[in-house]
Amino acid sequence: MLFEGFAKVADAGPVGMVTLRAKPGAALDAALGTVPGHRQIAGNVAWMSPDEYLIFVPYADVAAKITELDTALAGAHHLAVDVSDSRAVFDITGPKAADVLSKLMPVDFRTLREGEIRRSRAGQVAAAVWRHEGGYRLFCFRSVARYVFGLLSHSAQPGSEI
Amino acid sequence: MSTRLSCGGRLIDRRAPRDFSFNGKKMRGFLGDTLASALLANDQMLVGRSFKYHRPRGIVAAGPEEPNALVGLGVGSRFEPNQRVTTTELFQGLTATSQNHWPSLEYDVGVVNNYAARFLPGGFYYKTFIHPRFAWKHVFEPIIRRSAGLGKAPIDRDADRYEQAYDFADVLVIGGGVAGLQAALVAGRSGARVLVLEQTAHWGGRAPVDEAEIGGLTADEWIRNAVEALEGMQNVTLRLRTMGAGVYDHGYVLAEERIADHTPADGRPRKRLWRIRAAKVIAAQGAIERPLSFAGNDVPGVMLAGSVRDFVVNHAVAPGDRTVVVTNNDDAYRTAILLVEAGLSVPVVLDARAAADGELPRRARAMGIRVETGRGIASVKGGKRVTGVAVCAQAGQGAVLETIACDSVAMSGGWSPIVHLWSHCGGKLIWDEVNAHFRPDPDRPPTGQDGQGIVVTAGSASGALTTDAVLRDATNAAGGTDAPEAAVPQEAPVAAIWVMPQGAGPELRAKMWLDYQNDVKVSDVQLAAREGYTSVEHTKRYTTLGMATDQGKLSNINGLAVLSQALSIDIPQVGTTTFRPPYTPVTLGALAGEARDDIFQPLRRTPMHEWHEAHDVEWEPVGLWRRPYCYRRPGETSHQAVMREVSNTRTNVGLLDASTLGKIIVKGPDAGKFLDMLYTGMMSTLPVGKCRYGLMCNEQGFLSDDGVVARIDEETWLCHTTSGGADRIHAWMEDWLQCEWWDWQVFTANVTEQYAQVAVVGPNARKLLEKLGGMDVSKETLPFMQWQDGTLGGFRARVYRISFSGELSYEIAVPANEGRAFWDACVAVGAELGAMPYGTECLHVMRAEKGFIMIGDETDGTVIPQDLNLGWAISKKKADYLGKRGQERAFLASPDRWKLVGLETLDGSVLEDGAYAPAEGLNANGQRNTQGRVTSTYFSPTLGRGIAMGLVLRGPDRMGEVVEFTKLDGSLAKAKIVDQVFYDKEGAKQDV
Chain A
1 MLFEGFAKVA
11 DAGPVGMVTL
21 RAKPGAALDA
31 ALGTVPGHRQ
41 IAGNVAWMSP
51 DEYLIFVPYA
61 DVAAKITELD
71 TALAGAHHLA
81 VDVSDSRAVF
91 DITGPKAADV
101 LSKLMPVDFR
111 TLREGEIRRS
121 RAGQVAAAVW
131 RHEGGYRLFC
141 FRSVARYVFG
151 LLSHSAQPGS
161 EI
Chain B
1 MSTRLSCGGR
11 LIDRRAPRDF
21 SFNGKKMRGF
31 LGDTLASALL
41 ANDQMLVGRS
51 FKYHRPRGIV
61 AAGPEEPNAL
71 VGLGVGSRFE
81 PNQRVTTTEL
91 FQGLTATSQN
101 HWPSLEYDVG
111 VVNNYAARFL
121 PGGFYYKTFI
131 HPRFAWKHVF
141 EPIIRRSAGL
151 GKAPIDRDAD
161 RYEQAYDFAD
171 VLVIGGGVAG
181 LQAALVAGRS
191 GARVLVLEQT
201 AHWGGRAPVD
211 EAEIGGLTAD
221 EWIRNAVEAL
231 EGMQNVTLRL
241 RTMGAGVYDH
251 GYVLAEERIA
261 DHTPADGRPR
271 KRLWRIRAAK
281 VIAAQGAIER
291 PLSFAGNDVP
301 GVMLAGSVRD
311 FVVNHAVAPG
321 DRTVVVTNND
331 DAYRTAILLV
341 EAGLSVPVVL
351 DARAAADGEL
361 PRRARAMGIR
371 VETGRGIASV
381 KGGKRVTGVA
391 VCAQAGQGAV
401 LETIACDSVA
411 MSGGWSPIVH
421 LWSHCGGKLI
431 WDEVNAHFRP
441 DPDRPPTGQD
451 GQGIVVTAGS
461 ASGALTTDAV
471 LRDATNAAGG
481 TDAPEAAVPQ
491 EAPVAAIWVM
501 PQGAGPELRA
511 KMWLDYQNDV
521 KVSDVQLAAR
531 EGYTSVEHTK
541 RYTTLGMATD
551 QGKLSNINGL
561 AVLSQALSID
571 IPQVGTTTFR
581 PPYTPVTLGA
591 LAGEARDDIF
601 QPLRRTPMHE
611 WHEAHDVEWE
621 PVGLWRRPYC
631 YRRPGETSHQ
641 AVMREVSNTR
651 TNVGLLDAST
661 LGKIIVKGPD
671 AGKFLDMLYT
681 GMMSTLPVGK
691 CRYGLMCNEQ
701 GFLSDDGVVA
711 RIDEETWLCH
721 TTSGGADRIH
731 AWMEDWLQCE
741 WWDWQVFTAN
751 VTEQYAQVAV
761 VGPNARKLLE
771 KLGGMDVSKE
781 TLPFMQWQDG
791 TLGGFRARVY
801 RISFSGELSY
811 EIAVPANEGR
821 AFWDACVAVG
831 AELGAMPYGT
841 ECLHVMRAEK
851 GFIMIGDETD
861 GTVIPQDLNL
871 GWAISKKKAD
881 YLGKRGQERA
891 FLASPDRWKL
901 VGLETLDGSV
911 LEDGAYAPAE
921 GLNANGQRNT
931 QGRVTSTYFS
941 PTLGRGIAMG
951 LVLRGPDRMG
961 EVVEFTKLDG
971 SLAKAKIVDQ
981 VFYDKEGAKQ
991 DV
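Here the protein sequences line up with chains A and B, keeping their order.
Counted from 1, the first sequence has number 82 at position 82 by my numbering; the numbering is strictly sequential.
Counted from 1, the second sequence has number 192 at position 192 by my numbering; the numbering is strictly sequential.
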């Protein structure tokens with residue numbers, strides 16, 4: 001899926017994602033290296049909730065990552081699970097990429113810094129967004145991928161720059 | 001006549017003519033005109049008819065307060081009714097048509113109502129139409145519906161697109177007049193993030209028209225400098241053509257931006273609805289001039305004095321050659337002076353006050369303008385346009401002293417601050433005796449979560465009516481101290497004049513319009529008061545004062561003042577009606593935003609959605625999912641397709657896309673304990689590798705969801721939920737874990753969409769899987785109600801042996817990304833085994849044949865598992881589970897419950913869905929007693945007859961009894977109570 005309007009909207013293809021649920025503490029610190037704070041992304045780990053993290057890895061490396069986490073957290077109550085296929089990931093790029101997103105998400109993109117993530121909504125569905133490689137990366141549930149792509153391309157139509 | 005002046009017009013560009021049409025008549029204006037100024041430049045004084053009496057109506061104002069001049073704008077898919085000509089920017093090719101008239105604007109039949117006006121007083125509808133009752137539906141309503149309403153609703157689909165956007169600000173300034181600009185300058189210099197909205201296409205508001213001087217500069221110069229300075233600030237955003245529509249809790253503000261109203265079909269969205277979070281709102285919307293209530297004040301050519309100035313200065317348009325000015329304040333003298341300076345004639349200024357000695361009246365007299373104090377208008381002469389005025393003493397009863405010929409009247413009843421945004425969220429008003437208006441009470445603002453005010457007003461919106469006071473107030477509002485100086489003439493106070501003349505009799509009062517749009521006159525409000533309508537809110541509804549598109553911007557203060565006089569109480573005691581958003585009408589398209597057509601609603605699609613689409617699927621909405629209902633082959637009806645799918649699945653093999661089924665992972669040392677609480681059955685004892693059917697109830701004991709639970713490993717379970725229940729049940733689990741059992745060591749994850757799930761169902765199911773190959777799916781290795789991980793046809797698969805059909809059945813979960821490929825593989829290898837896809841209706845028929853319940857069919861929130869003979873799925877050993885104590889309540893434990901049974905019609909027909917079984921006698925409401933109802937009913941191709949399940953009073957105790965069920969045609973169908981399992985009761989077929 002690709003739409004080129006005043007910003008470019010592109011399906012990012014398969015992205016490996018592992019949901020890790022665990023309480024903060026020494027075991028988690030050891031397993032993750034850096035544990036991101038509230039609404040932060042540290043390296044490839046994103047904060048999702050006080051006991052939930054999302055870890056990005058190459059799509060092929062998911063199983064290995066889960067094994068690694070299970071090993072590192074052995075004995076500590078946790079849940080590591082592959083969610084790669086349950087998500088759709090879009091990249092929104094171009095100088096006015098934020099304009100596209102600010103039509104759909106109640107997020108202040110002017111103050112959203114590199115290294116921050118917002119769990120919010122896009123139109124009528126849940127979505128998360130952060131700054132990524134000169135633009136923004138957004139993920140939503142895979143079942144609504146076509147809807148979200150529709151939203152993004154509607155909002156990126158030439159002439160509707162804010 | 002109204003005309004274009006030969007020079008001037010600060011907003012128009014005479015080198016850029018714009019052609020447009022009004023009621024088919026070709027006209028020409030200039031870039032920078034509003035439709036109002038362009039119509040007046042073409043001497044089009046008559047622009048519409050009033051709502052009730054169809055009286056001729058002209059333009060009365062120059063801004064959003066305009067009540068009369070509403071037109072249908074555009075044609076076809078770009079037609080929009082009720083557009084105010086005063087806020088419509090002129091563009092090449094604009095097409096406008098007047099409203100509320102038949103057969104034509106000039107000759108209107110409905111005007112007959114005008115002569116019947118004395119039979120149509122306030123509350124007329126209520127009085128007339130209440131009896132006889134039948135007449136309302138058959139006589140009055142059809143007539144009213146034909147004559148009521150303003151513009152016509154559009155017929156075609158809207159060709160334009162709309163969108164919404166979010167913004168955030170420390171300081172949101174609404175209104176880009178000098179007050180708003182000054183407040184923005186102060187706030188911007190403080191470093192705050194400032195957003196400034198102006199509803200028109202121009203900055204500066206009225207100041208240039210009123211020839212204000214600020215800091216030694218003309219208003220135009222000062223405004224240009226201010227806008228330049230603001231544009232130079234990184235922290236300030238300026239938006240023209242954006243109307244602040246409403247202020248809501250926590251500083252949430254809606255605003256509507258008109259992007260392409262004036263450039264239709266240029267490829268841009270037409271409108272954008274802004275949703276703004278602001279820490280502080282500065283409302284600087286200015287003030288609106290009030291009309292005066294004299295007889296004939298609605299005749300075309302009678303305009304607000306300030307609006308006359310707007311047209312002259314901004315657009316070089318004069319509403320008339322000879323303009324009588326009538327006023328109760330000094331400000332209107334500006335109009336008289338301006339008109340004379342423009343070379344037009346002002347025969348007289350009628351000032352209702354006893355004396356007029358302010359600087360402006362003195363200047364007017366010095367110019368030779370005749371000023372008459374203590375005088376008012378007894379009546380306006382003319383029908384479709386003003387021809388003159390009859391002058392009277394304000395103090396008298398309207399005896400005519402003199403008649404003066406004129407072709408327009410400029411009236412001013414004083415200025416009222418625009419308090420809408422202040423009031424939307426609870427800001428209070430105080431009555432200002434000196435200026436005779438309501439203004440915001442700074443001590444009682446609308447408050448935020450911390451109890452502090454979220455809105456401040458600035459400038460005229462606060463009640464400051466002179467430029468110097470406006471600038472001081474705006475500076476203060478933004479937290480500054482250094483206001484620019486403004487040179488202003490000294491003005492004498494306004495006089496509170498609510499009726500002109502003061503002693504006007506009934507004849508005159510019945511011709512004094514308060515609300516032009518709804519045809520409410522002074523006499524109507526007085527009548528309402530006499531009839532006991534003492535509350536201003538009731539009076540509004542009774543008389544329609546202040547209703548419809550203008551929401552009483554001109555009429556409210558005059559109306560409540562008249563009411564207060566009629567009730568002999570003070571104006572503050574009468575109070576105002578409630579100010580509700582939006583400030584001016586917002587297009588529905590902007591409210592809908594992007595949500596139309598393909599993205600109207602988020603449709604959830606499974607990985608196999610496109611395959612279904614390509615195979616003549618008939619969709620069924622399941623929550624936001626679209627699931628295949630059936631797949632029709634050429635020549636088939638839906639019913640025939642379903643019958644074929646059932647028969648084929650029972651004889652060969654069927655494929656079902658079961659991806660929508662909820663899948664929730666529950667893991668942790670306490671997960672078994674947790675699931676034992678959630679399910680009525682015992683899940684902690686489920687061995688690894690096995691599956692168990694489970695029921696979930698709410699605390700009241702009612703059945704909420706069901707599904708198969710699989711034990712994955714020592715600490716991990718996977719819970720299947722219904723398709724519609726996945727998110728709800730996941731939230732339910734988290735609710736208990738986070739709020740009640742926060743110390744239990746359990747984590748959950750909703751992995752519904754991680755997997756595509758395919759049910760392979762039917763006698764050939766195993767053969768199909770064996771053809772895919774990769775794992776042993778024999779009965780010995782993978783028995784009924786067990787699961788295994790492995791590969792099938794090269795796909796990583798988790799295979800569950802569960803059955804919702806009574807057949808040999810596997811449900812195979814594969815990673816969602818591979819779901820489509822796996823489905824294709826099943827279809828391909830299944831071809832020679834007679835595999836066909838089947839939909840939800842086939843699934844329903846098969847589960848009903850097996851007597852399986854369906855959440856939402858057999859349950860409706862009032863049904864407990866025991867009602868459904870599901871006692872076997874309720875653990876007797878457990879101390880507790882959610883719903884256990886609820887189910888012990890006497891009325892749920894009673895043997896007199898409606899319980900699930902099978903129903904077999906005596907003639908083999910299909911019972912109607914939801915049909916009731918009547919019982920003897922009537923209940924307390926005089927309704928027929930009932931003893932049961934149908935919950936699921938289908939034609940079973942397997943049995944060749946109708947089968948049904950239903951809840952029947954003590955049903956299982958009445959096996960063999962014949963009960964009658966209602967039919968839509970009024971007759972009754974006889975059905976025998978039977979066991980709910982119609983097919984393979986022993987379960988031999990699924991366990992092979």
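One or more hints might be untrue.
To be verified - Heads up, simulated EDC-like pairs for lysine to aspartate or glutamate below, C-alpha to C-alpha not over 16 Å straight-line:
id, chain 1, residue 1, chain 2, residue 2
1, A, Lys-23, B, Asp-789
2, A, Lys-96, A, Asp-29
3, B, Lys-976, B, Asp-907
4, A, Lys-23, B, Asp-743
5, A, Lys-8, A, Glu-68
6, B, Lys-690, B, Glu-594
These aren't lab readings, by the way, just hints derived from the structure by calculation.
Verification of the supplied hints:
| no. | hint | result |
| --- | --- | --- |
| 1 | Lys-23(A) - Asp-789(B) | violated, 29 Å |
| 2 | Lys-96(A) - Asp-29(A) | violated, 37 Å |
| 3 | Lys-976(B) - Asp-907(B) | holds, 10 Å |
| 4 | Lys-23(A) - Asp-743(B) | holds, 12 Å |
| 5 | Lys-8(A) - Glu-68(A) | violated, 36 Å |
| 6 | Lys-690(B) - Glu-594(B) | violated, 47 Å |
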